[in-house]
Amino acid sequence: MSSSHAALAGIGLTVLACALFALLDSGTKYAGQYLPMLLVIWLRFLAQALVTSALVLPRQGWQALRTEHPKFQISRAVSGALTTVFAFYCIQHMPLANFTAVWSAGPLLIVVASTVLFGEKVSPARWGLLVVGLLAVIAIVRPEQDDAALGWAVLAPVGVLLCGTTYQLLGSRLSRLDAPTTTQLYSTWLPVLVTAPALPWIWQSITEWQLWLAIAVMGICSGIGHLLLLHAYKYALPSVVSPFLYSQIGFAMLMGWLFFNQLPDGVSIAGMGVIMACGLCSIWMSVRGKA
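Numbering (my numbering), first residue to last: 3 to 293.
Simulated from the structure, these hints should not be mistaken for laboratory data.
All values derive from a computational prediction rather than experimental measurement.
Some clues are possibly wrong.
Label pairs and their in silico Cβ distance ranges [as the list claims (entries may be wrong)]:
1) Ser177 - Ser6: 24 to 32 Å
2) Gln65 - Val134: 40 to 48 Å
3) Ser177 - Gly14: 31 to 39 Å
4) Pro126 - Trp211: 30 to 38 Å
Each residue gets a CB set at the ideal place from its N, CA and C atoms; glycine is no exception.
Take the sequences, apply the hints, and build the full model.
Below, the structure is given as structure tokens:
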């Protein structure tokens, strides 16, 4: 495959993964309207774990579970589970596009976290992008626009960014230590097994087929979406595919309108544009620095 065709394949897989992630959030939002939060999260991880296992284990067998870095795998699974808890609250109380925009500010935070953890140098321009991006997040969230208490309205988006950044950094570290499929198996099965003892207290009978469909959508979209994204980086460099991750904001806006009749207001749309611009500028500076 030529380099241009490989790049197009990587871009196509990235855009498709973003569409699946937006559909995953839609399924989560729908199920969360009728089921307890912890039950939805457990079912989401279970469905994702089953889909991932069905795709990985027949090819790689139990060797796919072999790791020499269990501490990193456990830490990533915990941070991923906490990210999901905070994201669940955001998805239930924000339009999908707004939540996706908040999540999209994560890469800006990763740059700064790399400075603290790995000693990488960050230019004043990158610090400026981080500040502007976080101000855009505040403009999107605007907890004062609701009558609800400010506690969770502020804490949940912050939790998404902090836990999500930890999740991404550990994933980046593990990508050089274990196979991506190994990491994904641990990141899905560990939350399922650890929270399973709580099922007798959170279980609720599910009789509506629409809820089972939403649960299936969560598992299929999450499992396949993450695998597509892993393969996208095999075909193209991160600098090529990363800008197209922002397509998830567009998909989230479309699905929020189709399924929940929700559209972001003008201030939120402006904030999304600022976050996308900051992210693209950060990517451009990374590419220029490597040139």
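For the range 40 to 48 Å, tell me whether the beta carbons of glutamine 65 and valine 134 fit it or not. Roughly 46 Å apart at Cβ, these two residues keep to the hinted range, so it holds.
Between the beta carbons of serine 177 and serine 6, is the distance compatible with 24 to 32 Å? Holds - the Cβ-Cβ distance for serine 177 and serine 6, about 25 Å, lies within 24 to 32 Å.
When you take the CB atoms of serine 177 and glycine 14, is the distance between them in 31 to 39 Å? With a Cβ separation near 21 Å, serine 177 and glycine 14 fall outside 31 to 39 Å, so the hint is violated.
Range hint compliance [Cβ, proline 126 to tryptophan 211, 30 to 38 Å]: At roughly 55 Å between Cβ atoms, tryptophan 211 and proline 126 fall outside 30 to 38 Å, so the hint is violated.
Violated hints for the displayed structure, listed by number in ascending order: 3 and 4.
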